[in-house]
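Assemble the whole structure, with the sequences as input and the hints as a guide.
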Amino acid sequence: MATAVVASLAAASAPRLLPLTNLRVGCRWALQQRKRCFELARQWSSASRFLFPERRVELREGKKERSLLVVAMDQVTSGKARSPSADDHTEPSSDAESELLHSLYAIPSIDKAWAIPSCQGGAGFDVVVAMSQVNLPANAKRTFLSTVYIPETSSATITDYHWSPFPFEISGASLIVPSPSGAKVLIIRNPKDSTSPTNLEIWGPGQLLREIFVASSVHGSVYGDGWFEGVSWSQNEESIAYVAEEPVVSRPVFGQSASTPGQNSNATLEAGNWKGQGDWVEDWGESYSGKRRPVLFVANVSTGAVQAVEGISRDISAGQVVWAPQPASPDGPQSLVFVGWSSYAENFSTPRKLGMKYCFNRPCHLYHVEAPVPDREPSDAPREATNLTEGVSSAFSPRFSPDGKKLVFLSAEAAVKSGAHNATNSLHLIDWPTDLIRIGEKPQVKDIVNVVQHAEEGAFPGLYCYNLVANPWLDDGSTLLLSSAWRSQQVILSIDVESGNVSRVSSSDSLASWNLLGLQNSCIVATVSSPIQPSSLHLGHSASVGSPLKGGKEWKWSAINVPSLKFASKIESVMQSMKYELLQVSPPKADPLKSLSVGSGQPFEAIFVSPTGSIRPLTEEPRIESIPPLVVVLHGGPHSVSQTSFSRNAAFLSMLGFNLLHVNYRGSLGFGEEALQSLLGNVGRQDVDDVLAALDLVIGNGMADPARVAVLGGSHGGFLATHLIGQAPDRFATGIARNPVCNVSSMVGITDIPDWCYVEAFGKDGLSNYSEAPSVKDLSVLYQISPIAHISNVKVPTLFLLGAQDRRVPVSNGFQYVQALRARGQEVKVIVFPEDVHAIDRPQSDFESFLNIGVWLKRFIQ
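If you read the sequence shown in the UniProt record's numbering, its first letter stands for residue 1, the second for the next number, and so on.
Incorrect hints may have been included.
[Said to hold, decoys possible] Derived lysine-lysine pairs resembling DSSO-like cross-links, with alpha carbons at most 27 angstroms apart:
no., residue 1, residue 2
1, Lys357, Lys764
2, Lys829, Lys858
3, Lys579, Lys556
4, Lys442, Lys417
5, Lys141, Lys192
6, Lys112, Lys357
7, Lys184, Lys112
8, Lys777, Lys417
9, Lys446, Lys417
10, Lys353, Lys417
11, Lys795, Lys829
Quick caveat, the hints were computed from the structure, so don't treat them as lab data. From a predicted model like this one, the values you see are computed outputs, not experimental measurements.
In structure tokens:
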């Protein structure tokens with residue numbers, strides 16, 4: 001085939017000859033040119049084995065890339081360069097990469113675990129573990145449950161764990177919620193369309209106790225989004241409170257036989273009629289398209305009755321519901337505490353619903369409301385929900401203490417006040433009144449853990465927790481446990497709610513990250529993982545048996561080996577050869593005219609992962625030829641954090657032979673509030689400089705080859721990736737961006753979070769400057785902080801991965817940048833996922849994304 005192609009090309013460039021009289025001469029000329037072309041190709045191929053170890057030889061001429069065969073042909077036929085076409089390049093084979101990624105996708109992940117009293121009785125308890133595996137052909141996840149019995153923790157070492165023989169799959173379940181006693185479990189199956197019922201299954205020991213079909217006229221899907229989501233069993237386990245979509249409003253009917261044109265109806269249409277659209281209903285943006293409003297409902301386990309909770313204003317979206325303690329009087333009304341978000345964004349003075357997902361700067365409050373009473377008379381209508389936290393602009397994740405006398409909750413008030421989408425949190429407490437009438441007195445909110453502005457080395461950097469487990473309490477009733485970011489790690493913290501003392505209880509023997517899953521009998525069930533080790537299940541118990549398990553006590557940890565957590569021996573072998581470490585990076589020297597806060601002047605961190613197992617000591621002489629190529633990986637947000645936990649996709653890139661550098665630039669979570677706030681008003685400058693400082697550190701210490709560096713990021717990480725290839729075009733060989741912010745001035749009018757554009761661009765003035773109709777002056781500032789302002793400097797090939805349903809950074813933002821690159825003759829590859837939102841996390845899309853990323857990186861830097 002190659003011979004035919006070259007012969008054809010050579011013949012096409014031959015002089016025009018008469019077909020009969022000059023046929024012999026023309027054929028001889030074509031054969032000579034073909035022989036000369038292949039001789040050049042052979043010489044280049046021979047040289048390439050020394051110069052270029054890859055299978056395919058590529059030459060660069062200016063900004064253009066052309067294959068060996070085309071270069072040789074051009075030299076024969078014209079002696080001058082020609083414009084490359086899309087057909088000039090053949091992607092490297094991805095079979096091996098695909099097989100590797102499939103192996104990683106086969107590793108089960110531990111999603112949740114519930115520690116419940118054991119059905120065997122005694123001092124032991126059961127842990128029900130929910131795990132999942134990706135089902136790529138179905139573009140879905142398989143969820144399955146296993147149970148392990150934990151015997152009485154009477155010794156410092158425990159190995160006698162008893163697992164159920166086999167896991168069993170829970171097909172089609174949206175939520176699984178065991179009751180506090182462990183005697184029952186609720187399984188919720190959401191409908192596949194807007195007209196089908198929601199299925200609530202209540203299971204008991206060995207049988208289905210009740211199945212409730214909730215019609216779509218009562219409510220829509222139950223929320224399982226991790227944000228509004230809330231399912232709570234009552235103390236007597238006879239009622240279940242949960243959050244579901246309010247019923248769909250009927251649409252207007254038009255047509256010849258419509259009794260009243262435009263009237264609303266959900267009935268079957270008669271011939272000649274059709275349904276209109278009705279009024280537009282605003283939703284909560286990214287990942288909530290088509291959703292209307294989350295509402296509270298209560299299901300009665302005995303009767304199967306489902307009732308909406310009344311007394312909540314339609315301006316409030318309700319979520320995270322929990323039952324309040326049982327009233328002292330047996331005849332007293334039961335009540336609920338929930339989180340309510342107003343449709344009106346108070347801190348930005350706009351009537352619109354700003355995007356909710358990942359945005360902790362949305363004001364919210366705790367509310368108290370009476371639970372529905374069956375057969376209530378109309379005259380006995382419940383009182384309106386009471387705001388319990390009027391003096392606090394943010395209150396969420398409410399939890400009652402075991403004795404019912406304390407209500408604790410988290411607050412993101414620092415985010416609400418500054419406008420940053422995420423910030424350092426605080427923990428608060430309300431002494432719960434035993435007499436419900438006293439609720440009207442507006443209970444006093446006490447501070448337990450305040451926002452930490454900056455911390456000395458090794459000290460507690462502040463709270464970065466966004467959801468408490470269902471039962472976060474040790475048996476003493478005053479010690480609360482939670483997971484929180486601690487610089488680049490996630491750790492488990494113990495908080496004494498009486499004194500406010502904070503202690504770190506997860507093991508500090510390694511740099512791995514810990515995640516609290518549940519508590520029972522003052523034992524901790526948690527997962528631990530690292531960049532080179534998938535999640536494993538661990539049990540923590542106090543070394544001081546019989547004493548109060550207060551924070552500061554020594555905790556002993558033992559692994560609970562999960563039988564189903566097995567993976568290919570080849571994968572395990574490669575992981576064992578990998579290493580990682582935390583690097584301390586000093587901030588670049590600041591402008592002498594600007595004063596740095598203490599926190600913003602402290603070192604930030606980067607996680608360095610090596611596939612070879614030999615992170616070179618900093619004192620050795622660097623040997624560039626032996627150093628793997630480097631991928632700089634940048635998290636989004638910008639107020640989030642890369643942690644020392646396992647990521648399947650990052651492990652995939654490491655196993656392909658790349659060093660990884662995850663940079664937690666200033667503005668990341670886990671480093672104190674001053675460092676985080678320092679980025680507001682400085683995006684596109686300070687974060688860019690921090691990434692380059694981290695890159696300089698690893699290059700200067702011989703840990704990276706400066707000629708083989710790529711940058712990869714999504715969302716704000718994509719914003720940084722495209723900034724870096726424009727501001728430092730000679731530092732990177734290629735850039736890869738997933739749903740990147742490329743032009744803030746065009747994004748501000750179409751995103752669900754225009755507040756992000758203002759706060760990150762204008763800093764402390766973002767709240768006051770915010771406008772639904774940006775001025776020309778504002779748009780100019782937004783353009784200047786954007787990567788597109790530096791697009792004329794870009795000279796490296798780029799890969800873009802875009803979700804067509806992205807409402808946070810709409811796909812048009814990435815396409816504008818792509819088309820501008822193409823107009824400048826740059827090589828760009830784009831993959832669009834038609835059904836994906838901002839995260840591009842549908843299994844098949846995620847797989848295709850990182851398979852292409854791996855092949856792209858091998859092409860340009862390996």
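- prompt: Taken at face value, is the distance from the CA of lysine 829 to the CA of lysine 795 at most 27 angstroms?
  reply: 14 angstroms, holds
message: Please verify whether lysine 141 and lysine 192 have alpha carbons no more than 27 angstroms apart.
response: 16 angstroms, holds
- prompt: Going straight from one Cα to the other, do lysine 442 and lysine 417 come out at no more than 27 angstroms?
  reply: The hint holds at about 22 angstroms.
task: Mind checking the alpha carbons of lysine 112 and lysine 357 for me, to see if they're no more than 27 angstroms apart?
output: Roughly 21 angstroms separates the two Cα atoms, so the pair holds.
- prompt: Can the restraint linking lysine 184 and lysine 112 be considered satisfied, given a maximum Cα separation of 27 angstroms?
  reply: 17 angstroms, holds
- request: Decide if the proposed pair is consistent with the structure: lysine 357 and lysine 764, CA atoms, cutoff 27 angstroms inclusive.
  value: This hinted pair holds, its Cα atoms lying about 22 angstroms apart.
- prompt: Given the hinted pair lysine 777 and lysine 417, is their alpha-carbon gap at most 27 angstroms?
  reply: Roughly 24 angstroms between the alpha carbons, so the hint for lysine 777 and lysine 417 holds.
query: Is it true that the CA of lysine 829 sits at most 27 angstroms from the CA of lysine 858?
result: Holds - the C-alpha atoms of lysine 858 and lysine 829 are around 15 angstroms apart, at most 27 angstroms.
field: 27 angstroms limit on alpha-carbon distance, applied to hinted pair lysine 353 and lysine 417
entry: Measuring from Cα to Cα gives roughly 18 angstroms; hence the hint holds.
27 angstroms Cα cutoff - pair lysine 446, lysine 417: This hinted pair holds, its Cα atoms lying about 19 angstroms apart.
field: lysine 579 paired with lysine 556 [C-alpha distance capped at 27 angstroms]
entry: Satisfied, since the Cα-Cα distance of roughly 25 angstroms is no more than 27 angstroms.
Every hint from the earlier list agrees with this structure, and none is contradicted.
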